[in-house]
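Which chain is which? The protein sequence lines are A and B, in order. If you want this note's numbering, it's the position in the first sequence, counting the first as 1, plus 1. If you want this note's numbering, it's the position in the second sequence, counting the first as 1, plus 30.
Honestly, the hints are just simulated from the structure, not real lab data. Hints should not be assumed to be uniformly reliable.
[To be verified] Label pairs and their computed distance ranges (CB to CB):
no.	chain 1	residue 1	chain 2	residue 2	range
1	B	ASN250	A	ILE150	41 to 47 Å
2	B	THR128	A	PRO162	51 to 57 Å
3	A	VAL145	B	LEU73	47 to 53 Å
4	B	PRO129	A	LEU207	37 to 43 Å
5	B	GLU269	A	ARG251	51 to 57 Å
6	B	GLU111	A	PRO162	57 to 63 Å
7	A	THR239	B	VAL238	51 to 57 Å
8	A	VAL158	B	ALA134	31 to 37 Å
9	A	VAL145	B	GLU83	58 to 64 Å
Where a beta carbon is used, it is the ideal one built from N, C-alpha and C, also for glycine.
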Amino acid sequence: MMPLTLSSQVETDSEHEDSSEHEAGEEVSPESPPVILRGTRSGLEIVIDASASIDEIASELTSRLEQSPGFFAGNDARVRVVGRLPIGALSRLEEVTGRFNLRIIEVGPLLPPAEADPEPEPEEVEEEPEAAAPVAPAIATAPVPRMVIGPIRSGVVLDAPADLIVVGDVNPGAEIQARGNIIVLGRLRGVAHAAVGSERGFIFALRFEPQQLRIGKLVARAGESDAPGAGAEIAYATGRTIVVERYQGRLPSGLDAAA
Amino acid sequence: MGRAIVITSGKGGVGKTTATANLGCALAQLGHSVVLVDADIGLRNLDVVMGLENRIVFHLVDVIAGRCTTQKALIRDRRIEKLFLLPASQTDDKDSVTPDQMKALIIELKASFDYVIIDCPAGIEQGFRNAIAGADEAIIVATPEVSSIRDADRVVGLLAAQGTPTSLMVNRISPQMVKRGDMLSQADVIEILALDLVGAIPLDDEIVATTNRGLPAALNGKSPAAKAFADLGRRVAGEEPDPVRETGVGFFARLGRALGLSPA
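Let the sequences and hints guide you as you build the complete structure.
The structure is reproduced here in structure tokens:
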């Protein structure tokens, strides 16, 4: 249960399907209350409007957490601030969350685009606390994918802070890495490392002939016998192995479930 | 102002020097003025392949150090008009020249020749950096072997990084082996390197023999490789070479297609 700062910033809007339940009072509405709780794939987020006074914020947070006291116990939360928190506010917040046995692990500004409109919230509000605590962070989709035109030649190392898209081939001897997912619109013949510093991510290529695949800390080596598949394939981690399978036009169910 | 073309490969032993000598001869036979520059300082052998070894008095390092004029160090090939060689030094090493000095030298040569063909040493270190410094374009020599292609790919990346347009010459193709599926075809090589093909030279015993005699094969133009080098020269010079004959099953047909597609 070590959520990653990286993936925390984003709520991907790629998963609207599974988010039919909206919890009353947890949506961001135009005249937002000073405190909003919401579940994201990377865990609970406390969105705070810093223009309110610290007392207001503290009492609002208290009343919100009181609505389901046991639910948050033992979990981690991230604080997202709109504006600037007054001095001393954070310790007040920690005092409140501490009472509910909720730990603040990160404080940062609310990121502009996705949060502006009412966000359907993913299935955070399950019964058992385990569900709210993200065991694995979501597919680490970061805000700005990097697109590179290939071929990526031998000796070249590409390192993307988010998702990486290569239009063209990745040749043997080249290494591409991304903190998020990797999409190769061409032949993947070099080394690809997705989800660097993370656990969840996939590697997609129109043709898989890699020297090596790495996802998070897992490494898979191309076997001599593995004939390259006929078409597009996708590699992802399940448990402690990397699976490569034919791309069926959507993310494999293993990746869906993690989302 | 002439064109400076560097012949490079990354890997050693794939035929850079032979290609330089033969391309130079082929261009000179078309009536262009050509100077061949041996940038392999310390391990020169373009002079040997050209059969001009015993005429060296001054060399490239002398020119750069200002010990002689450029004119004085150039060796004229008596077999063809307008073909010259600027030999490398055998006693210095790659560090005795800087890329900037090379660049200045190549610019000087371009002023008096149509083509400056630079024979690049193997590797991607100082010698390589010197050799590519003054080049306007590059021809990558690759043999249909995985190790050669791997190194070529690396070199193409380095050339792309400095914005040098690059084309491909595939060397030592054995049509029989390709047919049997024992050798990569030039189509396979092009697929990986993603470059325009300017030449495909068949494996030819004649090349070994002529190289050892110091008489580039392109000079007398009888063998298949010599013809292929002549075609290479014409393509480099911007002429359309004769349509490639349809002998060997599939091989030459494919060669024709591959060349037809390339804008060279």
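Quick rundown of the hints versus the structure:
no.: 1; hint: ASN250(B) / ILE150(A): 41 to 47 Å; in the structure: 45 Å, holds
no.: 2; hint: THR128(B) / PRO162(A): 51 to 57 Å; in the structure: 36 Å, violated
no.: 3; hint: VAL145(A) / LEU73(B): 47 to 53 Å; in the structure: 48 Å, holds
no.: 4; hint: PRO129(B) / LEU207(A): 37 to 43 Å; in the structure: 39 Å, holds
no.: 5; hint: GLU269(B) / ARG251(A): 51 to 57 Å; in the structure: 53 Å, holds
no.: 6; hint: GLU111(B) / PRO162(A): 57 to 63 Å; in the structure: 59 Å, holds
no.: 7; hint: THR239(A) / VAL238(B): 51 to 57 Å; in the structure: 55 Å, holds
no.: 8; hint: VAL158(A) / ALA134(B): 31 to 37 Å; in the structure: 33 Å, holds
no.: 9; hint: VAL145(A) / GLU83(B): 58 to 64 Å; in the structure: 59 Å, holds
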